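Student: Those protein sequence lines, which keep their order, are chains A and B. The letter at position 199 of the first sequence is residue 181 when you use our numbering, and the numbering goes up by one with no holes. The letter at position 146 of the second sequence is residue 147 when you use our numbering, and the numbering goes up by one with no holes.
Do not take every clue at face value.
[Said to hold, decoys possible] Pairwise CB distance ranges, derived in the manner of DEER restraints:
hint : chain 1 : residue 1 : chain 2 : residue 2 : range
1    : B       : A208      : A       : G543      : 50 to 56 Å
2    : A       : K790      : B       : E36       : 52 to 58 Å
3    : B       : D142      : A       : F31       : 21 to 27 Å
4    : B       : D237      : A       : G543      : 27 to 33 Å
5    : A       : D754      : B       : E36       : 54 to 60 Å
6    : B       : R213      : A       : I786      : 54 to 60 Å
7    : B       : D143      : A       : G543      : 19 to 25 Å
8    : B       : E36       : A       : S101      : 51 to 57 Å
9    : A       : K149      : B       : N138      : 32 to 38 Å
[Stated by the list, open to error] With a straight-line cut-off of 30 Å between C-alpha atoms, the simulated DSSO-like cross-links for lysine-lysine are:
hint : chain 1 : residue 1 : chain 2 : residue 2
10   : B       : K76       : A       : K703
11   : A       : K425      : B       : K61
12   : B       : K76       : A       : K544
What the hints contain is simulated information worked out from the structure, not anything from laboratory work. Just so you know, these numbers come straight off a predicted model, no measurement behind them. Cβ atoms here follow ideal geometry from the backbone N, Cα and C, with glycine treated the same way.
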Amino acid sequence: MEQTENSETINKTNTGKKPNPFVKILQIILVVLLSLFAAFGLWIVFSCFNKAKSISLYPKNYDVFVHTDSLYETVNPLLDLKAAEMVLADPELGSARQTFMAIKSSEFRNSKAIQKLLSREINAAVYGNGKDMNFIATAELGILSSATRLAPLAVPFLNVPGLTTRKVEGKARNAMVFDAGEKKIYIKCFRNLVFATDSIDLLKKAFDNYAENEYSEEDKNILTGKEEEPLKITLNSRKFAQEFLQENPMLASAHSMLGKGTKSVITVKITDEKITVKTKLPLNHEKSDFAISKIFEETSRDSNIPKYLGESTQYYTTLNLCSLEKIKNAVFEELSKTQDVYSTWETANKACNTVFSLSLEDLVFSWAGTEIGVAGIEGSSDPVFILQIRDKGKFKTNFNKFTSSILIKNDTGLILNNTRIPYIGIPSFISGILKLFGVNLPKAYYNIIGDYIYFSLSPVNLSKINMQLKEKKSIHENEFWAMTNSDISESNSVAMFYNLKRSVPFFITKKSLAGKILALYNIGRCEMAIRDDQILITLNAVSVQDNETKIISGFPVSLEGKNDSTLLKSSDNKLVYWIERDTVLCSLNTTTLKVKRTPFPHKITTAICSSEMDNKGQIWALTEYGVVYLFDKNLEMISGFPIRTNMIPTSPCAVSNKELTFATEDKIIFISSNGKEITEIKIDDDMPNFKTAPAISGKSTIYYSRGFEGNIYTVDGHNLKDAKITVDGIGSSSPCCLNYNNTSYTAFVNQRGDISIFKNGMMAPGFPKQLDGIFKNRIVSLDDSFYTISTDGYIHKISVDGKICTIKLPDVETSEEGFIYAETDSENKGIYVCGDNNILYGFNTDMEVMSAYPINGRGQPAFIDVNGDNKKDCIVLSLDKKIYGWNLK
Amino acid sequence: MKKITALLFAISFAFVSCASLQKDISIQAEDTQDESFFAQIEENLAYADSARYCGESTEKLEKRKIRIFKLADEKLKTPVLDKVAEARLYAIKGRAALIARDSESAKKYFEKAKEKSEADIQLLVLSRRFGMTSISNDITDDEDAHKILVLEAAIENYEKNEYSVSCGLFDRAFMSLSPFYAKAYAPLRENAWKLKDEEIKDSDTKALLVAREITISQMMELTQNSNVQIFKYTGDKQLSAKNLFKTFVNQGLLDCASAEVDVQKERKTIKPTDIATRKICSRFLWNLYTDQNEKIKKTKYSENYRNRENARSPIEDVEISDKDFDAIMGSVENELIDLVDGKNFRGDSSMSAIDFNKSLKKLTK
């Protein structure tokens, strides 16, 4: 019994302990996985805490240090910049433009994951200059560093072309090396950072001297502290200014006014709408060699001149540095190094004493305040000069003494808009002094408002300011001024407001690329203030552009001769093609803006694009002697071509079912895309007269034999239909086909305007109809309608149900050589028309002019996204031997 | 880095004078200074300028100049006038003087205008007319270029016989300028349009090509100067106008194809100074065409139609019995000459040189 119980127990135990091998394996896998997860988790935790401070990898002798908290925030807005398009418009930078446009138009750009991935702190520094210039760059990867930390182990197995590893002496120990042609880039994954440099010495230096506390907190704050603008640049401005200004004799010593060894900080924010640049330049406390630095000793005060300018002010520059006398002394000291300014002053002073019994100092400085300014007024080219009156009593006494002199012409007779505007002739000794300051004022009207005296050659300007201030329409009402108001303080020493339509500040010259880019930001304010021993400069510029269709940067592209007014495009929407001087087939790559020309020995009658074929063929060309060419999209000849048909074409060609077709005197020809099959269809009628390109409808090719009793022949595949359609009246163009609601329609219009529409080969009810005018242009189709243009510029829309709508092409007298084209792509769907001119109009299917039109150009346009904004632009040839790219609005 | 330098410059220059920091742009006088007045005077100027290019007599041009001077002088008397407006008026006077071929006065006004404002747009045009400057591609490529400069570039290209470019620039300028510019320069632009596909070798060819009608002799000269194969008639010799006429007539190029006539008698009635009507042009072209394509019978149309019962000519104003029926039908069907309205040929009207030249080009296709 006991034995039985024991055996049962044993059996039970055995049954309970019997391991299921599947479960056991699962358990092992689970344990392994958990261990791996734990290890991975630990690795991530380790990666998060085992951090290095990137700044400590930078040797201190950098020339420029660049910092951004978020690469994405800095770079992403740059992709939309017109300025970037402008820079990359140079065909030399074609491949860079291609990459840029691909990134710009990429959907990934706005992906949250990419945004997160690229929201990384990036630092970079430049050492040395010219050929000896090297860089260091670091990226802070955070949690992602858990992957990069393993990179050195993975590199030997990755087999990336040009990427190797090497040993490095010192603490760096090893680095990955990427061979980038002329340069080698050393990359090292260091804790949470990825470090890159193009100098092995900098690599060694960076890691040998790595020490957490090498930079003080203040330095760290300067270099990487948070700012409103995403990009921060720190540099040794004195060194930089010295190198830059050394060739300018007058400004050669200007660098000495900047603090020695101190760093200047520039923060930058650039978007397509606005550019903000803030600069801090520490001033030198010691004596400077630059005499003019003396006027930078005073802390900035509120500048009130703008408050005394009217809303029609187009630009101004104001100074509020120190007294006029101090400015004069400082400038004279500097000018005296190159010219004898003191004797000019002395002569003037003597003359002034003789004539007015006043010294020049008394005449000008005794009453003048610290504020001076010059402003431009809308509608006038004569600037207005403004001086602050500090001491009204002295001003009255001295000015009266001056104006009452018999030698001074003083006329107070002019009254403009109820304001008396006196006139004063400036004596030559004073105008001579003014010329030293670059001011040409031989005579002037003047007016006094509040504590300011205004001078101008134009009394109208003074009257305008007076009136506007009376009506409380000061510059604050000027919309452009208000646009640039943010971050601009009223307390400043120099202030500038510009509107490029009216004035050009000295730092903008449209000849240079930088000037062109700055000119995009056409309204701006620049302010310079002195505070806390620093010069603070703020530039705020906004781009005010009309919402109009504009030419894309890089266009127009010049052509080498006359063109055929027809642009074809590749099936990948990247290239356009046209014929130049009848014998050259050209292509323009719209991503690189490079033009390729393929000359032919004879005239090309037609070039035509088809969808890409198995042998990559895409562009067909037919010459006047019947030689057929087939090219790939890059204009490389497809093998098996050219084909000499030994037949003279009488009509342009077309592509039907991936075959080229054209007509000769009495035959219709088809050439297969492999070039091996040539099909000839003989037309037995008496002398057919094929002059126009055939119309294609599905598998049917439709030819028109021109004549007063013309015939329409239909070829299905390679079979000529027995029943030809005879059409009355001579026509200038081929028939046109459309398929609507599974019904095939063919339309033909003769010169005198009889339009016939055939429905499935039979005349449609209500047709033929009579259109007003003479018709020599082709007929095109879109949706359920046909469109054509008469020689007097009327566009007719003829629906298959018989409705006719007619509108006049604006500004067009004749359209003998007009052009009509139907675009089926939904984004730009419409009818595009030119008369006998170089103006292209676009109409929607309701025959309304599209808002982006008219534009400059002629012929068949192509719609391609050229600037990467994911909207198709209009590329069009032009009579002025150019190809234009229009960003449609 | 460059921006920082620019700003450093700003500070440095600020010491010298705030006036040096910004440079005025010569703004449009008409924007602000009595728009209608400037529109009126510039309209007069545009018509005068166009008239000069179209060969108007000096007397008439002088009258136009006087009218412009009167307008300008009245305005110049205004006591308060902006110097840009003054510069514009002197430049306009300079241009008017140059149009009337008075270059001495033109120079005088040019200097006066320059004194007032060097950047005035009419002054720039005047300096181009004096040959001092040329409108570069950079300017015309700039979308924001002043449209008067674009117009001037169109005229410059017209002078250089670059008609296609000229036409493109005319149209671009007209898109933005006041409509009177398009009206005033319409004859010039029309010529440019006609000549845009032609290669002009000399001024005589240009003068001939813009002619609204041509004589038979000119028709033959145009043929000799074209790429049409006339070897079989001339033996590849360049013939004088007289010999060319004699040769072509004797070779039967002006014989009618569709009627039995006394050929010698008919030939004697044709004079080289006769206007080459559309009918004569079609006769000449059809004879050249059928000589080139021997398969085509000169009388193919008349034979076809005359054999039909109740035959009606497909061209309303040309009877089947017309002695040029074949020539006209053949010319139209082969795209050598178009019907004027899709129905009628208008055989007695003249043919312009440019249209005839186009027909010759089609003949060589």
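Student: Look at each hint and say if it fits the structure.
Tutor: Quick rundown of the hints versus the structure:
1. At roughly 25 Å, the beta-carbon separation of A208 of chain B and G543 of chain A lies outside the given 50 to 56 Å, and the hint is violated.
2. At roughly 29 Å, the beta-carbon separation of K790 of chain A and E36 of chain B lies outside the given 52 to 58 Å, and the hint is violated.
3. In this structure the hint that D142 of chain B and F31 of chain A lie 21 to 27 Å apart at CB is violated, the actual value being about 59 Å.
4. At roughly 29 Å, the beta carbons of D237 of chain B and G543 of chain A sit within the given window of 27 to 33 Å.
5. One distance hint, 54 to 60 Å for the beta-carbon pair D754 of chain A and E36 of chain B, is violated here, with the actual separation near 40 Å.
6. Here the CB-CB span from R213 of chain B to I786 of chain A is close to 35 Å, at odds with the stated 54 to 60 Å.
7. At roughly 23 Å, the beta-carbon separation of D143 of chain B and G543 of chain A lies within the given 19 to 25 Å, and the hint holds.
8. As the Cβ distance of E36 of chain B to S101 of chain A is approximately 54 Å, the hint placing it in 51 to 57 Å holds.
9. As the Cβ distance of K149 of chain A to N138 of chain B is approximately 57 Å, the hint placing it in 32 to 38 Å is violated.
10. Between the alpha carbons of K76 of chain B and K703 of chain A the distance comes to roughly 77 Å, so the proposed pair goes past 30 Å and is violated.
11. With a C-alpha separation of about 42 Å, the suggested pair K425 of chain A and K61 of chain B falls outside the 30 Å cut-off, and the hint is violated.
12. Under the criterion of a C-alpha separation no larger than 30 Å, the hint pairing K76 of chain B with K544 of chain A is inconsistent with the structure, at around 46 Å.
Violation of the numbered hints given earlier is confined to hints 1, 2, 3, 5, 6, 9, 10, 11 and 12; the remaining hints are satisfied by the structure.
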